[in-house]
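Asks: One-letter residues, chain by chain:
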Amino acid sequence: MQFVTINKDEDLATITMNRGKVNAFNDALVDDLRQAFRESEKDSQTSALILTGSGKFFSFGFDISHFLGYSKEEFVHYLGHFTDFYTEVFLFPKPVIAAINGHATAGACMLATACDHRIMARGRAKISINEIGFGSSIFAGSVEMLKFCVGERIAQTMLYSGAMYTGDQALKMGLVDQTVSEENLLAQARTVAQEFAQKDARAFRSIKLLLRGPVAEAMRSRETASIQEFVDIWYSPETWRHLQEIKIRD
Amino acid sequence: MQFVTINKDEDLATITMNRGKVNAFNDALVDDLRQAFRESEKDSQTSALILTGSGKFFSFGFDISHFLGYSKEEFVHYLGHFTDFYTEVFLFPKPVIAAINGHATAGACMLATACDHRIMARGRAKISINEIGFGSSIFAGSVEMLKFCVGERIAQTMLYSGAMYTGDQALKMGLVDQTVSEENLLAQARTVAQEFAQKDARAFRSIKLLLRGPVAEAMRSRETASIQEFVDIWYSPETWRHLQEIKIRD
Amino acid sequence: MQFVTINKDEDLATITMNRGKVNAFNDALVDDLRQAFRESEKDSQTSALILTGSGKFFSFGFDISHFLGYSKEEFVHYLGHFTDFYTEVFLFPKPVIAAINGHATAGACMLATACDHRIMARGRAKISINEIGFGSSIFAGSVEMLKFCVGERIAQTMLYSGAMYTGDQALKMGLVDQTVSEENLLAQARTVAQEFAQKDARAFRSIKLLLRGPVAEAMRSRETASIQEFVDIWYSPETWRHLQEIKIRD
Chain S
1 MQFVTINKDE DLATITMNRG KVNAFNDALV DDLRQAFRES EKDSQTSALI
51 LTGSGKFFSF GFDISHFLGY SKEEFVHYLG HFTDFYTEVF LFPKPVIAAI
101 NGHATAGACM LATACDHRIM ARGRAKISIN EIGFGSSIFA GSVEMLKFCV
151 GERIAQTMLY SGAMYTGDQA LKMGLVDQTV SEENLLAQAR TVAQEFAQKD
201 ARAFRSIKLL LRGPVAEAMR SRETASIQEF VDIWYSPETW RHLQEIKIRD
Chain C
1 MQFVTINKDE DLATITMNRG KVNAFNDALV DDLRQAFRES EKDSQTSALI
51 LTGSGKFFSF GFDISHFLGY SKEEFVHYLG HFTDFYTEVF LFPKPVIAAI
101 NGHATAGACM LATACDHRIM ARGRAKISIN EIGFGSSIFA GSVEMLKFCV
151 GERIAQTMLY SGAMYTGDQA LKMGLVDQTV SEENLLAQAR TVAQEFAQKD
201 ARAFRSIKLL LRGPVAEAMR SRETASIQEF VDIWYSPETW RHLQEIKIRD
Chain F
1 MQFVTINKDE DLATITMNRG KVNAFNDALV DDLRQAFRES EKDSQTSALI
51 LTGSGKFFSF GFDISHFLGY SKEEFVHYLG HFTDFYTEVF LFPKPVIAAI
101 NGHATAGACM LATACDHRIM ARGRAKISIN EIGFGSSIFA GSVEMLKFCV
151 GERIAQTMLY SGAMYTGDQA LKMGLVDQTV SEENLLAQAR TVAQEFAQKD
201 ARAFRSIKLL LRGPVAEAMR SRETASIQEF VDIWYSPETW RHLQEIKIRD
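Protein chains in written order, with my numbering: chain S, 1 to 250; chain C, 1 to 250; chain F, 1 to 250.
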């Protein structure tokens, strides 16, 4: 795997995104993440997962300038790949803790909402589903996961405004479950992951599916149509102009 | 239009209900409102809407003494008209800001919950879905919209008690998004409407439908049956007696 | 009825669980409860119900050591009986107030969430859906009722952790609606029940079904499958070992 490292420590696996300065998603990073999750699922020594990013970002979300070179068909294919992946994480049979070390925007926030527990570094880091800010829509599944996390009212406020939130704001909204100082983030993630890992694995999986199965059905029933609409808007002249102006701030 | 005025200011349209002292809904007011929304939808110069009332009420809700003269069939027809209208507002493709200038009770609160953002005047004004207080049921769609606004627990508390809430109580419950002084209400509504209007129109519409489409499906699937039950209860001797005692307080 | 008493006082019926020290559920207690609810439904003098427990527990939930003597088939039959019962309470046509006098754990918390209003004694009493703590799953219907009470995020936190909450913690989470001192519990329950009883009965029933009907559909659609999975996990060697270690603390 080129863009992801897996670190095993006792029965915990830490999956770290590591691509460029901002861990922006492309096909290869999503491939690597799916492979890392699948290996961890099969590995009977692994009881719980931590998902984090290297550097100053958890992840910027999609590598927009990269995708501007894609044809519509290629982009639709990638989006199916990405939304399948977040649905796998949402239903992953083992506990997944997001350790949000830095900015988590757009697709990266969607991925964080798929996890079982979110811990965010206090301070500089911001979290947001900010697509509306650059004239983009989102995906049906990501809306359902966000509603599952924060309820419908706050989901609507977030999606209509595209606002960026600090860890402490996100905590108040229920978008993350805990905030800690940057230097304690991984230690706290391990503590939480250990608590999850000590639960009976079959009972955890069963309860997780009771909670999330109906949400996943709602996600799947409208995902393909929403990808089609997302792409229509993405390639519209107004949105395309916005996308070309996006510079990744570091 | 007899009971509604449309005021255009740059790309904002302000729709003001203006019928008697309390802007109570009858067929004609609902007709005028639907026409005003439809014109604003077609008007390419209009980017966002503000919905408000003239005088001391946003609206009292149904003009009960007027409807006591309706046959069951006429009333069922009106209710289909009214619930179709709030569903159109709920799914309206442009942003709709409710500027709740005064009391918003019963059907008027339902209409407010259909909007994208609610700003309420602090002070005297109360908001409530108070049907249970006079022995009336409500409509399936209005329950779904209320759940969408405030979550299931608070929706249940509101509907079981029929309690009246001040702006600040409503803000705490999530029933409104902001409160301001009466004199700043319309200015604040314009500020918020401008923020919405600056978003990409297609992205906004797409995200709004992703959030609200599944809710609208749930609304429609049970609306007709709920209207039938509503009417059965409305014309029952106990409820009829309550309805005849209702005096509109000014 | 062996394990339940019904006390009528004007138009309120108080149903008290009274089995051993902890009011643990077995087939007979669930039978008695169903009978008490059905009698109260038919009794035209009864307008509202209060459900409470005798002694220091509201209820411990299932009488685990008793059920360890059941065959799988017997246990599946009991679980169908229990989940049918909580669904009846969830949709009960008259108001039901839970007066949570003491600990309410596992199945007892599920039953409490089926009621229209929960008042909990402050102090010693704890409330929890703690199945994961002894390696057990739960039922689809109980998850839907819990989500209805506290929203999806808090439901998930409760179910993943199995944590025990005091009345004041439960109040903050929305799991109960009020807390009072132990000595004022029943008086406060009567006050609240009277408020409910004064509402128009048909309007109440209609509004309750508009709120809860769609939830009940979701409960029923997956209940049988979830019972099957619950039983598979219950009889697994790991969970069986946990179950045998459970001592009822008094």
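Where hints are given, some of them may not hold.
Where chains are identical, the list cannot tell them apart; a pair therefore holds if satisfied intra-copy or between any two copies.
Only pairs whose alpha carbons sit at most 30 Å apart, straight line, appear in this in silico DSSO-like list of lysine-lysine [said to hold, decoys possible]:
id, residue 1, residue 2
1, K126, K247
2, K247, K56
3, K172, K199
4, K199, K72
5, K72, K172
6, K8, K199
7, K172, K8
8, K56, K199
9, K42, K172
10, K8, K247
11, K42, K126
12, K172, K126
Read the hints as simulated data drawn from the structure, not as lab findings. As the structure is a prediction and not an experimental result, all values here were calculated from the model.
Asks: Against this structure, judge whether each hint is valid.
Replies: Outcome of the hint check:
Taking identical chains as interchangeable, the C-alpha atoms of K126 and K247 lie at most 30 Å apart only when both belong to the same chain, with a minimum of 17 Å there against 47 Å between chains. Taking identical chains as interchangeable, the C-alpha atoms of K247 and K56 lie at most 30 Å apart only when both belong to the same chain, with a minimum of 16 Å there against 50 Å between chains. In this homomeric assembly, K172 and K199 come within 30 Å of each other (Cα to Cα) both inside a single copy, at 27 Å, and across copies, at 26 Å. Taking the shortest alpha-carbon separations for K199 and K72, only the inter-copy value of 24 Å comes in at or below 30 Å, while the best intra-copy value is 45 Å.
In this homomeric assembly, K72 and K172 never come within 30 Å of each other (Cα to Cα): the closest approach is 39 Å inside a single copy and 45 Å across copies. In this assembly of identical chains, K8 and K199 lie within 30 Å of each other by CA distance solely inside one copy; the values are 19 Å within and 45 Å between copies. Proximity of K172 and K8 under a CA criterion of 30 Å is satisfied in neither setting, with 32 Å inside one chain copy and 38 Å between copies. In this assembly of identical chains, the alpha carbons of K56 and K199 lie at most 30 Å apart only when taken from different copies (29 Å versus 32 Å within one copy).
For a Cα distance limit of 30 Å, the shortest separation of K42 from K172 qualifies neither inside one copy, at 36 Å, nor across copies, at 40 Å. In this homomeric assembly, K8 and K247 never come within 30 Å of each other (Cα to Cα): the closest approach is 35 Å inside a single copy and 37 Å across copies. In this homomeric assembly, K42 and K126 never come within 30 Å of each other (Cα to Cα): the closest approach is 33 Å inside a single copy and 38 Å across copies. When the C-alpha separation of K172 and K126 is checked against a cutoff of 30 Å, the pair qualifies both within a copy, at 14 Å, and between copies, at 25 Å.
Comparing the model with each earlier hint shows violations of hints 5, 7, 9, 10 and 11; every other hint is respected.
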